[in-house]
Amino acid sequence: MSATAVTVQENRAPNFWQSTNGKKAVMAVTGVVLFLFVLGHMLGNLQIYDGAARLNAYGRFLKNTGELLWIVRFVLLTCVGLHILASVQLWARNRRARPVGYSHKKSVNSSYADRTMYWSGPIVLAFIIFHLLEFTAGVIHPESRFIDGDVYHNVVAGFRVWWVSAWYIFSMILLGFHLRHGLWSMFQSVGLNHPRHTPVLQRAAFWIALLITLGYISIPVSVLAGWVR
Amino acid sequence: MKLTLKIWRQKGPEAPGKFVSYPVDNVNPEMSMLECLDVLNESLIERGEEPVAFEHDCREGICGSCGFMISGIAHGPQAATTVCQLTMRHFKDGDELVLEPWRSRPFPFVKDLVVDRRAFDRIVQAGGYISVSTGNAPDGNAIPVGKEEADRAMDAAACIGCGACVAACPNGSAALFTGAKIAHLGILPQGQPERDRRAVRMVAQMNAEGFGSCTNIGECTGVCPKEIPLEVIARMNRDYLRGIWKERHQLVTTIAPVTDWDLVTK
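Heads up: the protein sequence lines correspond to chains A and B, in order. The numbering of the first sequence is numbering that gives the first Met the number 0, which starts it at 0 and goes up by one. The numbering of the second sequence is numbering that gives the first Met the number 0, which starts it at 0 and goes up by one.
Heads up, a few of these hints could be off.
As the list claims (entries may be wrong) - One-sided and incomplete, this derived list gives chain A residues near chain B with beta-carbon spacing under 7 Å:
1. Arg53
2. Arg92
3. Asn93
4. Arg97
5. Lys105
6. Val107
7. Asp113
By construction, these hints were calculated from the structure, which means they are not laboratory data. Using N, Cα and C, we set each Cβ at its ideal position, and we do this for glycine too.
Next up, chain A with everything else stripped away, as it sits in the complex:
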């Protein structure tokens, strides 16, 4: 054994952002913001069942909030950016932590949603980009014309295209999986766990994720079925 093996070399400790725990705390906090957006957006969307006038008025209201709209967009983009940056860095780190994999590996305790966060996340991101191009920018609007301000028309015409609806439904199911894990995991990441509350939280995460997914999916389903026209 050479001397280098026994001489202790001290390094500066990883700081908050360099530590895995710090990055996870950032992911939890940004996750809360993104969840609140997803919830609010769904509740806004459900106004489609109240008719074109109501939904278009809601759309106008959001667009006319002026600077506030840009503040909200800035906060959301920052959260999305930090959430993705942390997860990509952690993913790379986790890959490095096991350079040689197992020939056999069984999961004994985790759910499908738990294990597929690194799949549901990027797919939902791809969806969000497509979604913004379709309904906010109006760049991609297959088989119909995008009318700026006529939200109701854009939604109904957009979802009549079967593959737009299918892609939307698929992405919303993955969003549900992502939320089903994320909604309780965020509490764990910032250190909140309680023998009585955590099981309740885990059940609540399932039901909230399910309700949000169903709320979103109901819109393309209603358009395809002809209930909303």
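With the hints as your guide, set chain B onto chain A.
Then chain B, alone, in the frame of chain A:
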């Protein structure tokens, strides 16, 4: 009963490794997994072959020396059981068991089923202690500890540091181990004075070792032979977040992970 043991054979960190199948015909269902390997090794020695290297010490499930993957599950299919306590009656006659070492970069490979788990020692060194004044032994029960606190601390203190949590985690995270060590002292009154420093220093060392991040999926607690609850990870996060703020004036250092196994082979 007859079993086929498909075992990872590798002479050293730099040597190439491969699986080798060994039929074992005289397996007694009352044997432990390690005794089964003993029987196999006896026959290998008789034939003049190299015996399978594996770690073991107490063989009663409390030292944390033993541990390897059995057909994809750390410590085998029986819950809350180390491989030394896993009896062969849990397997069926004719089964093929795949034995593989823990796979993790912070656990450098040594030989066959043996890995170097000193990363855990360095994490404990970083803060897994309480400082006490020397002199006469303090009176017993001078510091009252509530029954529930004592139980929770004891649940965390049951961690034997075997490394199954790291081995089972798809991210190779040591959060359950570090969490258990932080929780078992942090719950007790004796652990309070150094609570913030302990969490910051132990988490820092855990990160410096190169372990992955926790994604709260619970594979670790599922294979843990001592059933350490996931709650300890939340406790680690809580104490860390509190500590990194309250101890922000401190310059925290970590020990560089040095393994002389690398040097032996060079």
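> Quick one, is the Arg97 of chain A hint okay against chain B at 7 Å, beta carbons?
Replying inline: Hint holds; Arg97 of chain A Cβ to chain B Cβ min 4 Å, cut 7 Å.
>> Quick check on the hint: Asp113 of chain A CB to chain B CB, less than 7 Å?
In response: Interface hint status for Asp113 of chain A: holds (4 Å vs cutoff 7 Å).
> How about Arg92 of chain A: closest beta carbon in chain B under 7 Å, or not?
Replying inline: holds, 6 Å
>> Holds or violated: the hint that Arg53 of chain A contacts chain B, with Cβ atoms closer than 7 Å.
In response: violated, 40 Å
>> Min Cβ distance, Lys105 of chain A to chain B: is it shorter than 7 Å?
In response: holds, 4 Å
> Per the CB criterion, is Val107 of chain A less than 7 Å away from chain B?
Replying inline: At about 4 Å, which falls below the 7 Å cut-off, the nearest Cβ of chain B leaves the hint on Val107 of chain A intact, so it holds.
> Taking the closest Cβ pair, is Asn93 of chain A under 7 Å from chain B?
Replying inline: Because about 4 Å separates Asn93 of chain A from the closest Cβ in chain B, which is inside the 7 Å limit, the hint holds.
The structure fails to meet hint 1 from the earlier list, while all remaining hints are met.
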